[in-house]
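Below are the chains, spelled out letter by letter.
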Amino acid sequence: MAAYAIRRLGLSAIVVVGVSIAVFMMLRLVPGDPVSVMLSQGSTAQDAAALKHELGLDRSVFAQYERYAGNALTGDLGTSIRLHEPVARLIGQRLPATLELTVASLALATALGVLFGTLSAVRHGRLTDHLVRVGSLAGVSLPSFWLGLMLILLFGVELGVLPIAGRDGLASLVLPAVTLAMVPLGIITRMVRSSVLDALREDYIRTARAKGLGAARTLFGHALRNSLIPLVTVVGVQFGTLLGGAIIVETVFAWPGVGSLLIDAVSARDFPLVQGIILMIALGFVLVNLAVDLLYAVLDPRIRDSMETAS
Amino acid sequence: MRFVKTTGAAAFAAALAAAVVACGSSGSAGSAGSGAASTESATAVATESEGTPKDGGSLTFALNAGWDTLDPAVSAFTFARQIMLFMFDPLLRHDPKTGKIVPGLAKSYDVSADGKTITLELPPGVKFHDGTDCDADAVVASLERVTDPDLKSPWASLLAPVDRISADGATTIKITLKGPSAPFLDALTQVNLAPVSPTAVKQEGKDFGAHPVGTGPFKFSEQTAGQSVTVVRNPDYAWPAPFHDATGPAHLDKITVRDVAEDATRMSLLKTGEIDIAYQALASQLSALKANPKFRVLLAPRSGMPRSLVLNTKLFPFSDPKLREAITYAIDKQQIVDTAWGGAGSVAGSVLTPGMPGFSSAVAEAAPKRDVAKAKQILAAAGWTPGSGGVLTKDGKKLSFSFVTQPGTTFQLEGQLLQAQLKEVGIDLKIASKEQAAVLADLQGGKAPFTDMLFAATDPDVMYTVLATDSIGKAWNGASYSNPEMDDLLTRARTEIDPDKRAALYEQAQKIVARDNPYVPFYNISVPYATTARVHGLEFDGQAFWDGYSAWVD
Numbered sequence: 008m009a010a011y012a013i014r015r016l017g018l019s020a021i022v023v024v025g026v027s028i029a030v031f032m033m034l035r036l037v038p039g040d041p042v043s044v045m046l047s048q049g050s051t052a053q054d055a056a057a058l059k060h061e062l063g064l065d066r067s068v069f070a071q072y073e074r075y076a077g078n079a080l081t082g083d084l085g086t087s088i089r090l091h092e093p094v095a096r097l098i099g100q101r102l103p104a105t106l107e108l109t110v111a112s113l114a115l116a117t118a119l120g121v122l123f124g125t126l127s128a129v130r131h132g133r134l135t136d137h138l139v140r141v142g143s144l145a146g147v148s149l150p151s152f153w154l155g156l157m158l159i160l161l162f163g164v165e166l167g168v169l170p171i172a173g174r175d176g177l178a179s180l181v182l183p184a185v186t187l188a189m190v191p192l193g194i195i196t197r198m199v200r201s202s203v204l205d206a207l208r209e210d211y212i213r214t215a216r217a218k219g220l221g222a223a224r225t226l227f228g229h230a231l232r233n234s235l236i237p238l239v240t241v242v243g244v245q246f247g248t249l250l251g252g253a254i255i256v257e258t259v260f261a262w263p264g265v266g267s268l269l270i271d272a273v274s275a276r277d278f279p280l281v282q283g284i285i286l287m288i289a290l291g292f293v294l295v296n297l298a299v300d301l302l303y304a305v306l307d308p309r310i311r312d313s314m315e316t317a318s
Numbered sequence: 012m013r014f015v016k017t018t019g020a021a022a023f024a025a026a027l028a029a030a031v032v033a034c035g036s037s038g039s040a041g042s043a044g045s046g047a048a049s050t051e052s053a054t055a056v057a058t059e060s061e062g063t064p065k066d067g068g069s070l071t072f073a074l075n076a077g078w079d080t081l082d083p084a085v086s087a088f089t090f091a092r093q094i095m096l097f098m099f100d101p102l103l104r105h106d107p108k109t110g111k112i113v114p115g116l117a118k119s120y121d122v123s124a125d126g127k128t129i130t131l132e133l134p135p136g137v138k139f140h141d142g143t144d145c146d147a148d149a150v151v152a153s154l155e156r157v158t159d160p161d162l163k164s165p166w167a168s169l170l171a172p173v174d175r176i177s178a179d180g181a182t183t184i185k186i187t188l189k190g191p192s193a194p195f196l197d198a199l200t201q202v203n204l205a206p207v208s209p210t211a212v213k214q215e216g217k218d219f220g221a222h223p224v225g226t227g228p229f230k231f232s233e234q235t236a237g238q239s240v241t242v243v244r245n246p247d248y249a250w251p252a253p254f255h256d257a258t259g260p261a262h263l264d265k266i267t268v269r270d271v272a273e274d275a276t277r278m279s280l281l282k283t284g285e286i287d288i289a290y291q292a293l294a295s296q297l298s299a300l301k302a303n304p305k306f307r308v309l310l311a312p313r314s315g316m317p318r319s320l321v322l323n324t325k326l327f328p329f330s331d332p333k334l335r336e337a338i339t340y341a342i343d344k345q346q347i348v349d350t351a352w353g354g355a356g357s358v359a360g361s362v363l364t365p366g367m368p369g370f371s372s373a374v375a376e377a378a379p380k381r382d383v384a385k386a387k388q389i390l391a392a393a394g395w396t397p398g399s400g401g402v403l404t405k406d407g408k409k410l411s412f413s414f415v416t417q418p419g420t421t422f423q424l425e426g427q428l429l430q431a432q433l434k435e436v437g438i439d440l441k442i443a444s445k446e447q448a449a450v451l452a453d454l455q456g457g458k459a460p461f462t463d464m465l466f467a468a469t470d471p472d473v474m475y476t477v478l479a480t481d482s483i484g485k486a487w488n489g490a491s492y493s494n495p496e497m498d499d500l501l502t503r504a505r506t507e508i509d510p511d512k513r514a515a516l517y518e519q520a521q522k523i524v525a526r527d528n529p530y531v532p533f534y535n536i537s538v539p540y541a542t543t544a545r546v547h548g549l550e551f552d553g554q555a556f557w558d559g560y561s562a563w564v565d
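Residue numbers (the numbering used here), protein chains in the order written: chain G, 8 to 318; chain B, 12 to 565.
Certain hints may be false.
To be verified - Here are the computed lysine-lysine pairs in the DSS-like style, where the Cα-Cα straight-line distance is at most 27 Å: (1) B:Lys65 x B:Lys333; (2) B:Lys163 x B:Lys485; (3) B:Lys189 x B:Lys217; (4) B:Lys127 x B:Lys512; (5) B:Lys111 x B:Lys163; (6) B:Lys512 x B:Lys111; (7) G:Lys59 x B:Lys325; (8) B:Lys458 x B:Lys485; (9) B:Lys458 x G:Lys59; (10) B:Lys333 x B:Lys380; (11) B:Lys485 x B:Lys325; (12) G:Lys59 x B:Lys217; (13) G:Lys59 x B:Lys385; (14) B:Lys217 x B:Lys333; (15) G:Lys59 x B:Lys163.
Claimed, not checked - Here's a subset of chain G near chain B, in silico, CB distances under 10 Å, partners left out: (16) Leu46; (17) Glu61; (18) His91; (19) Glu92; (20) Arg101; (21) Leu156; (22) Gly167; (23) Arg174; (24) Gly176; (25) Ala223; (26) Val259.
Don't read these hints as lab results, they were simulated from the structure. Where a beta carbon is used, it is the ideal one built from N, C-alpha and C, also for glycine.
With these hints in hand, go ahead and build the complete structure from the sequences.
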């Protein structure tokens with residue numbers, strides 16, 4: 008188990024380094040550079056070439072990466088080109104808002120997903136099942152910026168019951184969290200539905216019922232519990248999707264998180280800031296998935312055993 | 012704002028790095044420029060003031076983009092300037108009604124006959140929000156701070172003409188220039204050169220921008236990163252710029268500025284009254300808002316170089332001046348302004364906006380109107396003959412090229428209109444959409460054959476930035492235009508102190524632009540502000556910003 012954990016940790020480190028290289032190179036391959044964007048903001052007489060030199064952008068990409076990686080290893084993510092502040096501080100300011108949003112969305116999606124999915128499986132083939140299936144398909148398919156704007160119009164403008172934008176208390180969290188939760192909710196619902204359906208067909212369920220166990224205890228104690236493993240995987244993967252989705256949702260709802268910071272950073276070609284945020288997201292994604300893998304072992308003795316055999 | 016949709020968890024990093032937005036609103040290059048003691052410059056203004064101003068109340072104002080730091084000397088953001096205008100007093104101002112340079116915090120100014128010495132006179136008793144005296148020494152220290160190499164101020168170049176700055180007594184500042192500089196007075200109107208509290212600068216050091224202290228009508232109260240800034244009334248304010256024609260503190264108790272990038276969200280906030288003022292109201296909603304008594308639409312003209320087509324004089328097909336001339340007859344400016352830009356503003360004829368010092372109404376009026384027959388005739392005379400599909404050809408080469416523009420309804424619509432208009436004369440125009448940063452890089456590097464840009468400025472020296480040979484690759488000469496005659500005129504205009512003589516130089520330069528057509532100006536932009544009906548007294552300057560002093564609410 009320990010050896011497995013260490014191996015997984017090593018692989019995760021490689022992924023993070025890989026992502027940092029890919030992002031670094033991609034940013035410099037995409038047309039546009041921070042200098043022309045900066046100059047467009049008004050300081051006209053400044054010389055583009057001089058500014059590039061000052062920012063170290065006139066060096067080779069490899070020399071730039073070497074310097075960046077060296078600093079990053081010591082925890083220095085650099086200074087934002089356009090915001091003039093340390094990248095770590097900027098991310099620190101915005102991260103709580105993004106975590107609040109993604110955790111709320113994931114909790115919502117998981118709770119409702121398990122509920123709807125189970126309901127749908129139990130009512131297999133009936134109206135409830137059809138409604139849930141159509142609903143989850145819609146959740147996955149609706150573009151979040153459209154959904155967000157529709158929710159704003161309905162609950163903010165027409166009904167006037169919820170704040171439209173900004174981060175100001177729990178009420179302001181509702182619309183962005185619901186919008187962001189839609190895609191994972193659809194995915195989790197469908198996954199729970201099919202895995203509960205599968206479980207309900209298993210022999211041990213029939214045995215449990217034959218032994219006189221009630222429907223509820225069979226469902227919660229046996230069927231649902233065995234559906235947990237795929238659920239954990241899906242929730243882990245959805246965490247990454249949520250961080251990506253947060254970029255759009257945060258912009259629609261003027262939510263002051265890392266996503267909206269990233270959008271601005273990309274459009275201004277603020278290299279250090281984009282690199283820092285992506286690195287942080289990659290790290291978060293990798294850590295969550297590492298946790299998921301390790302959680303498997305805890306949840307499923309078969310996996311634990313196979314790991315021990317393997318190592 | 013438009014999104015490139017990002018999907019798929021697997022390729023998430025790649026998708027994130029490619030997620031883009033393009034501000035369809037404020038467009039490409041924007042600059043503060045620098046200015047002159049002008050005879051006239053009517054950066055006309057949308058003012059709305061009815062009834063007697065009332066004191067008290069607060070107001071929320073949503074911008075469509077964020078800001079960096081609120082340290083005037085350090086900030087490079089356009090919108091930071093708007094927020095800082097509430098808290099800092101520029102030494103000189105542009106009168107919102109006439110556009111002329113007038114006293115600001117300095118109650119008077121004087122330019123010596125040789126144009127080399129500028130004397131500013133402060134009113135007595137000016138204090139920063141922290142109680143520190145704003146005397147001549149504080150002003151000198153503030154200006155010297157901008158040129159401090161450690162600070163790396165993006166505004167240091169505004170002070171490049173300066174030889175020496177000194178305090179002469181408690182309230183007099185003398186600025187000696189290396190030589191006469193016509194744009195220098197305009198530089199003093201920039202909020203980026205406004206006095207900052209020396210006490211706070213010493214205390215806060217690099218964090219001054221997080222706790223800004225100025226002399227303005229409002230004091231900094233609080234800031235939430237990425238979300239909002241709140242300023243509250245400065246009760247001790249007794250030095251409003253003379254053009255305000257008022258005394259005492261501002262009317263409003265509090266102004267909250269929010270960053271709401273998504274256009275539709277900003278408009279929704281306005282409808283529910285969560286915000287009172289929306290910067291850059293959606294073009295498509297302007298007429299509905301105007302018709303609704305609960306709202307007002309104010310158009311704030313932004314001076315500088317109008318939105319103009321950029322015809323790259325070094326690239327196919329616009330290296331041929333005849334082709335550039337043909338374009339001026341082929342396009343329908345009015346249609347583009349009305350359809351793509353919601354009619355907010357007017358059709359442009361000269362490379363300077365009306366009211367800018369030196370603006371030539373003669374050149375603007377003589378600008379070609381749409382004449383398809385004439386355009387065809389010019390092209391035929393240049394040897395272009397109709398080929399397959401009605402597209403003109405010459406020496407086996409098709410007259411086909413790309414219009415480089417940004418994603419976003421407005422820009423796409425502009426591209427499609429141009430496409431249809433040019434098709435009528437036999438030109439095959441393709442639309443190449445790039446993200447804003449890429450368009451800017453193309454412009455600056457002179458790589459786009461055909462694109463558009465505007466340049467916000469309050470001084471005609473903006474022409475140097477977009478037309479001088481020296482500006483190719485370095486500044487914003489996106490047309491790669493190089494003409495010694497033009498260089499000479501623009502260089503002389505920089506040192507010509509006499510406003511009339513200076514205007515004559517710019518008149519000549521505008522004539523040359525109209526003859527050579529490296530740029531085809533088509534749209535004098537106005538920033539549409541939408542407000543709720545309770546808001547009054549907004550006065551906009553040439554940068555389409557307001558200082559908050561005269562604003563009040565019901």
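Violations among the numbered hints, reported as their numbers in ascending order
Of the numbered hints, 1, 3, 5, 13, 14, 24, 25 do not hold.
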